[in-house]
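**Q** Construct the complete structure from the given sequences, taking the supplied hints into account.
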Amino acid sequence: MEPRRHDDSDGSNIFWPGYVDATTNLVLNLLFLLTIMIVAVFMFALELGRMSEVVQTEKEAAAEKAVPQIDLDAARKALEENPALKAEVERLRSLLARQRKARKKKPVPRPKVVDATAKVSGPSGGLDKAVASDMGVTVRFRDGAISLNAEERKELARTLRPMVAKGRVRVMVVVPAGFTASRRIGFYRVMAVRNLLLEMKVPRENIEVAVLERKKGANAALVEIRPR
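For the sequence shown, counting from 1, position 198 maps to 198 in the numbering used here; every step adds exactly one.
No wet-lab data here; the hints were simulated from the structure. There may be inaccurate statements among the hints.
[Said to hold, decoys possible] Below, a list of computed lysine-lysine pairs in the DSS-like style, where the Cα atoms sit at most 25 Å apart:
1. K154 - K166
2. K154 - K201
3. K201 - K166
4. K216 - K201
Just so we're clear, the structure is a prediction, and the values are computed from it rather than from any experiment.
**A** Below, the structure is given as structure tokens:
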């Protein structure tokens, strides 16, 4: 009986690797290369950060060296050795002290106040008072009054005469914001004062009229007249 021959069909004599083995080796190699690349990038980033810190430190050191150091002792010594400079410093100090004292003692000027009582219809009362000041003149209208009677016009004209002699004047009233009636009344009161200035021979172009609106601190009864 013939001995059974070896069957080569199982592929044991093929030395080439299989597909799975080749793919596995490729993936492992790629992972190894990727790991090396990540480590290299990380080390490069650390080195770059270290170099940036060194450069920043060098710049700060150079900037500190560039700033001139002031020797206070030397400056004080130079001031003591220079009589003229010392005298000038003392003069400036005394001048500053006198200015501060004068500023504290100087009284705060208040505007002149002239009351206006004339209404649209009916007779009106006379002028209450006029307070002198260098700030200007404030015409105080009573409720419902939008003009001046004859006596009040004379008194106000007498009060405004020094201001008119200087040239330009500004007539202003501040009314509450959002109230049309207050704005209209304020406009009438400003125009009443403006007409008086025109009668006093003040040129039309030298009179500035302003009706301002504010939410706080507005009072349509006060018309301010100031030089400009």
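**Q** Now tell me if each hint is right for this structure.
**A** Evaluation of the provided hints:
1. K154 - K166: Status holds; Cα separation ~19 Å.
2. K154 - K201: Status holds; Cα separation ~14 Å.
3. K201 - K166: Holds, because 13 Å separates the two Cα atoms, which is no more than 25 Å.
4. K216 - K201: Given pair K216, K201 is violated - Cα atoms ~35 Å apart, limit 25 Å.
Going down the numbered hints, you'll see the structure goes against just number 4.
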